[in-house]
Amino acid sequence: MKPLNQYYKFIPYLYFIAAIAYWFTDVNKQEGISAYPILLFAVPFIWQLFKPSKHLNFTLGIIFVCLSSYMILAYLSDLLKIISFSETVKSFIIVGGLFVFTNFVMSLWMIRNSIKKTF
Numbered sequence: 780m781k782p783l784n785q786y787y788k789f790i791p792y793l794y795f796i797a798a799i800a801y802w803f804t805d806v807n808k809q810e811g812i813s814a815y816p817i818l819l820f821a822v823p824f825i826w827q828l829f830k831p832s833k834h835l836n837f838t839l840g841i842i843f844v845c846l847s848s849y850m851i852l853a854y855l856s857d858l859l860k861i862i863s864f865s866e867t868v869k870s871f872i873i874v875g876g877l878f879v880f881t882n883f884v885m886s887l888w889m890i891r892n893s894i895k896k897t898f
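In my numbering, each residue carries its 1-based index in the sequence shown increased by 779.
The hints are simulated quantities; they were obtained by calculation from the structure and are not laboratory data.
It is possible that part of the hints are untrue.
Heads up, simulated PhoX-like pairs for lysine-lysine below, C-alpha to C-alpha not over 20 Å straight-line [what the hints assert, rightly or not]:
#1 Lys788 / Lys833
#2 Lys788 / Lys895
#3 Lys833 / Lys895
#4 Lys860 / Lys808
#5 Lys895 / Lys830
Simulated restraints on C-beta separations [unchecked claim]:
#6 Ser832 / Asn784: 15 to 23 Å
#7 Ser813 / Asn784: 40 to 48 Å
#8 Trp826 / Ile872: 27 to 35 Å
#9 Thr867 / Asn784: 38 to 46 Å
#10 Ser870 / Pro816: 25 to 33 Å
#11 Ala797 / Leu835: 15 to 23 Å
#12 Ile873 / Ile825: 28 to 36 Å
#13 Pro831 / Leu858: 33 to 41 Å
#14 Leu828 / Thr867: 17 to 25 Å
Predicted model only: the values in this text are computed from it and were never measured.
Quick reminder that beta carbons are idealized off the backbone N, C-alpha and C, glycines included.
Required output: the full structure, derived from the provided sequences and hints.
Now the structure itself:
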């Protein structure tokens with residue numbers, strides 16, 4: 780059980796690296812070489828795996844909490860029928876909602892890791 784607890788704090792970074800890799804492969808299929816700048820988004824998360832920094836961790840967590848909160852507000856506006864979305868957007872509501880909720884949880888986890896003294 781001890782080795783699992785040792786790697787427990789790296790789960791949010793691995794999640795975001797996997798999400799960026801998925802985003803890259805999806806865009807790469809359609810646009811080719813112009814998708815490679817997407818991989819630059821993974822650099823801070825990979826950096827956190829090898830040389831952890833509380834300040835970078837806290838900054839990444841705050842940025843992604845803000846982005847996820849914005850997307851959560853978009854889903855709430857759809858539920859309350861404040862803004863009407865097209866049918867193509869509504870088809871991605873369930874998968875996108877799961878993705879946004881997971882991003883929010885992982886961002887809070889990163890902030891929690893940066894606040895803890897045993898980072």
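Of all the hints numbered above, which does this structure not satisfy? Sort the numbers upward. Violated hints (numbers, rising): 4, 14; every other hint is consistent with the structure.
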